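S.K.: Sequence order for the protein chains is A and B. Residues in the first sequence are numbered consecutively from 1, following the working numbering. Residues in the second sequence are numbered consecutively from 1001, following the working numbering.
Careful, some of the hints might be misleading.
[What the hints assert, rightly or not] Restricting the straight-line Cα-Cα distance to at most 25 Å, the calculated cross-link-like pairs of lysine to any residue (SDA-like) are: (1) Lys229(A) - Lys1019(B); (2) Lys1071(B) - Trp1088(B); (3) Lys1076(B) - Gly179(A); (4) Lys1110(B) - Gly188(A); (5) Lys228(A) - Tyr247(A); (6) Lys1076(B) - Glu1031(B); (7) Lys1110(B) - Thr154(A); (8) Lys1118(B) - Ser1138(B); (9) Lys288(A) - Leu1182(B); (10) Lys29(A) - Lys1083(B); (11) Lys228(A) - Gly1107(B); (12) Lys1072(B) - Ala160(A); (13) Lys228(A) - Lys1223(B); (14) Lys163(A) - Glu1122(B); (15) Lys228(A) - Lys1072(B); (16) Lys229(A) - Thr1093(B); (17) Lys1019(B) - Glu86(A); (18) Lys131(A) - Leu158(A); (19) Lys163(A) - Leu1106(B); (20) Lys1110(B) - Val183(A); (21) Lys29(A) - Gln1139(B); (22) Lys1223(B) - Ala1008(B).
Hints in this document: simulated from the structure, not taken from any laboratory. Please read all numbers here as calculations on a predicted model, not as lab measurements.
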Amino acid sequence: MNAELAIILIACLTAVACAIPGVFLVLRKMALISDAISHSILPGIVIGFFITEDLASPWLILLAAFSGIITVVLVEAIQKTGLVKEDTAIGLVFPALFSIGVLLIAIYANDIHLDTDAVLVGRLEYAAFDKLMIDHVSYGPKSMWTISITLVITLALLFAFYKELKLSTFDIGLSSALGFSPVVLHYGLMSVASVTTVVSFDAVGAILVVALMIAPAAAAYLLTTDLKKMIVLSILFGIMSAIGGYYFAVWLDASISGSITTVLGLIFLLVYLFAPTKGLIAVLFRQKRQRTEVSLLTFLLHLNNHDSIEERRVAHLHEHINWGKVRAKTVLELAQKNNMITMQDEVVSLTNKGLKFTEKALDYIITNKDEQIEDMKDDFFLFRG
Amino acid sequence: MEQKIAVAVDDLTVAYNYKPVLWDIDLSIPEGVLMAIVGPNGAGKSTLIKSILGIIDPIAGSVAVYGKPYKKQRDKVAYVPQKGSVDWDFPTTALDVVMMGTYGALGWIKRPGAKQKKQALEALEKVGMLAFKGRQISQLSGGQQQRIFLARALVQNAAIYFMDEPFQGVDATTEIAIINILKELRKAGKTVIVVHHDLQTVPEYFDWVTFLNVKHIATGPVKDIFNDDNLTKTYGINYKVAVQK
């Protein structure tokens, strides 16, 4: 396997392994916890490295993941005192643990390849060359093995406990009442997130691993209303950013992990702007339409309430509803286009269709019945075109 | 008539940060009643339900469901949490939420299949929400969301139903629809226990009532104990203000 392919594969596997727990972290509003875990596994990695002298050793991975779990426990313990809120607790715990790791590296590990730069942004460029050697036979890059094994375990757990994870994420009370212990599921998820962070750490570093967990899930959340699709989309975004990021880095001759994160940021930005229903543009468009609809309704109600010709003169309308000329003109045109009014000698009259619509809208506003929302939605779509 | 005790609470005390929320509660709920739990805000009504269901650990006391600890009787109990306790923006559909009611019977790892889907669809029909089965839950009105929660409890096909403020934030039509379903459950011999806020509707909706304000004040048939004396004990001197709210 050549180095280029190996790097891309490691990047893709890492992205997928991060995206899966990331979906649940985002849905549980725990994005910050992944940040905390990614930093506070550092002392675990350093101590593990002293003992095993091998960054890919399973013992090091477990030890480091354990310090991730300790973070979660500490954050919850501080939070439980009721003296500070969760974000403050997170902000207290992870810098403390991270700085212990930094000091340990500085004091004891000056001559090993665990430097602070690599810790922060990883060294994907080198990961491909650190091969697993058994009896002088090479079995490919070590990171590929660790990340693959982690991914297989993550997928197996996801398939086995999908239902339980979904329930405890959505409704912690029912989950507990039905006997699916939210505590067990919470720490299960935290363990997976910790192990994934540790094995990804080597490739992408403490800061970027957070992006790989959170950004794909955040983008997918804006695009779908189905949890399964959200997981699949997150995985796809992760893979897209891994491959796109690699070539972006080659083109720029810059850090691969930095490029991957940049591509992830761009993907999120595009989704944030253009997502069909939750995207910024869609939301602005909808708000504008709603404003027009409300104006139209106000106008129709006015016509419905006043029979006298005086009240229905176009010139008079400006004064009465207190609208500017432009707005009044837009609304008049819209009403005409939908055959809701007729105009004769500058006097406006409701048509049958306009009358029916007004009555229905009025009825809905007064009774506010659920059932009628459905019909109204169809009617309001009239004004889309 | 009231032969069996569905739920028995003994000397239950619950505290948050050493502050008692429920204080030495003794309570017996007979089988087959439709009971309201009433009391002012902070009286511990939701906490009582949550500790019966093992969601909150008490610092003292015990709970028995048909004579055994709740953990052995999970399949006999359905629970409707407060609507506000979940995130309605969660990416899921009405049908999927109702299916969650089948998870308890399935147990760990096993997945819902065609049978569970059929049960969920039947429950959706019963609450008049079949047409909305594919709708994302944030696109439902408050009343519709509450119906979905009720359908999810119906799917559990339990003997005892606990509901935490099922009438909160629902329109009049939904309120009537929900109370009719609760009355049907009682007719079928189920026990229904509801945390309730609107004192005025207690005599109309329920046949039993529990007054609670950190301490247990009274439990019994509405016609016998829903009176000024108990209301005053529960709500303090200004209970009439509470009634007129």
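S.K.: If a hint holds in the structure, say so; if it doesn't, say that too.
M.R.: Here's how the hints hold up against the structure:
no., hint, in the structure
1, Lys229(A) - Lys1019(B), "violated, 44 Å"
2, Lys1071(B) - Trp1088(B), "violated, 28 Å"
3, Lys1076(B) - Gly179(A), "holds, 13 Å"
4, Lys1110(B) - Gly188(A), "holds, 18 Å"
5, Lys228(A) - Tyr247(A), "violated, 29 Å"
6, Lys1076(B) - Glu1031(B), "holds, 12 Å"
7, Lys1110(B) - Thr154(A), "holds, 18 Å"
8, Lys1118(B) - Ser1138(B), "holds, 23 Å"
9, Lys288(A) - Leu1182(B), "violated, 43 Å"
10, Lys29(A) - Lys1083(B), "holds, 18 Å"
11, Lys228(A) - Gly1107(B), "holds, 21 Å"
12, Lys1072(B) - Ala160(A), "holds, 24 Å"
13, Lys228(A) - Lys1223(B), "violated, 51 Å"
14, Lys163(A) - Glu1122(B), "holds, 21 Å"
15, Lys228(A) - Lys1072(B), "violated, 32 Å"
16, Lys229(A) - Thr1093(B), "holds, 12 Å"
17, Lys1019(B) - Glu86(A), "holds, 21 Å"
18, Lys131(A) - Leu158(A), "violated, 29 Å"
19, Lys163(A) - Leu1106(B), "holds, 10 Å"
20, Lys1110(B) - Val183(A), "holds, 20 Å"
21, Lys29(A) - Gln1139(B), "holds, 21 Å"
22, Lys1223(B) - Ala1008(B), "holds, 22 Å"
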